[in-house]
Amino acid sequence: MYRLSEQEVDIVYDRLRQEGVTNVKLEQDLLDHFCSFIEERMEQGAGFEQAYKEAIIAISPNGIKEIEFELFFIMNFNKQLSMKRFIFSAGFLAAFLLSTGTMFKTMHWPGASILLFSAFATLLLTVIVTALHLARFLRNRSASFWFRSVTGLTAIFLISLGFVFKTFHMPGANVMYGLGTIILNFVFLPVFFYHIYKYGFVKTNSHETV
1 MYRLSEQEVD
11 IVYDRLRQEG
21 VTNVKLEQDL
31 LDHFCSFIEE
41 RMEQGAGFEQ
51 AYKEAIIAIS
61 PNGIKEIEFE
71 LFFIMNFNKQ
81 LSMKRFIFSA
91 GFLAAFLLST
101 GTMFKTMHWP
111 GASILLFSAF
121 ATLLLTVIVT
131 ALHLARFLRN
141 RSASFWFRSV
151 TGLTAIFLIS
161 LGFVFKTFHM
171 PGANVMYGLG
181 TIILNFVFLP
191 VFFYHIYKYG
201 FVKTNSHETV
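Sequential numbering from 1 applies to the sequence shown in the numbering used here.
If you are wondering where the hints come from, they were derived from the structure by calculation, not from laboratory data. Note that the structure is predicted; figures quoted are calculated from it, not measured. Don't take each hint at face value.
What the hints assert, rightly or not - Distance condition first, Cα-Cα at most 27 Å in a straight line; then the derived BS3-like pairs of lysine-lysine:
hint	residue 1	residue 2
1	25	53
2	79	25
3	166	105
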């Protein structure tokens, strides 16, 4: 069987490094995989460059970085799943407490303040965990996604923290609550509903007319 020379192995290695692979173990595995594929094709009569091009198409048609991203996703899948479960559970609990507390407050029933405080405290925790999840697992999303996420999380964070501060009569509560409401009403909501209109409603109507 044909064996690549040290110079040819170095060429393959340098090209893989140029792709920006940061995982050392993956880099070594890819080098072995590429070299084996190239040696097999050169054994069949292909030239080095032609064999390398075929290896790229066969092993990483969408780029080396996609393989690294998929590996990262697989290695962190359980962590992502646990975090998502926590976010959805905490979000549901916050919404439940908020709606129940609002009803208690409207009916002047006892326990309304406790329910509302618990709701905003849970919401505050949900925002923090969601921000950590986005920063760790969704770094490659679009600028518009990040703008919506940051403005929405910032608004909810300020409103929740403002309510918690107000419960304990701490200074700055009204400023945080008011600023969060302004960001929510005049930045996040217009952008959010415009995105739904542009990429949801319009796209649905275009499919119906086809």
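What are the numbers of the hints that this structure violates, sorted from low to high? none
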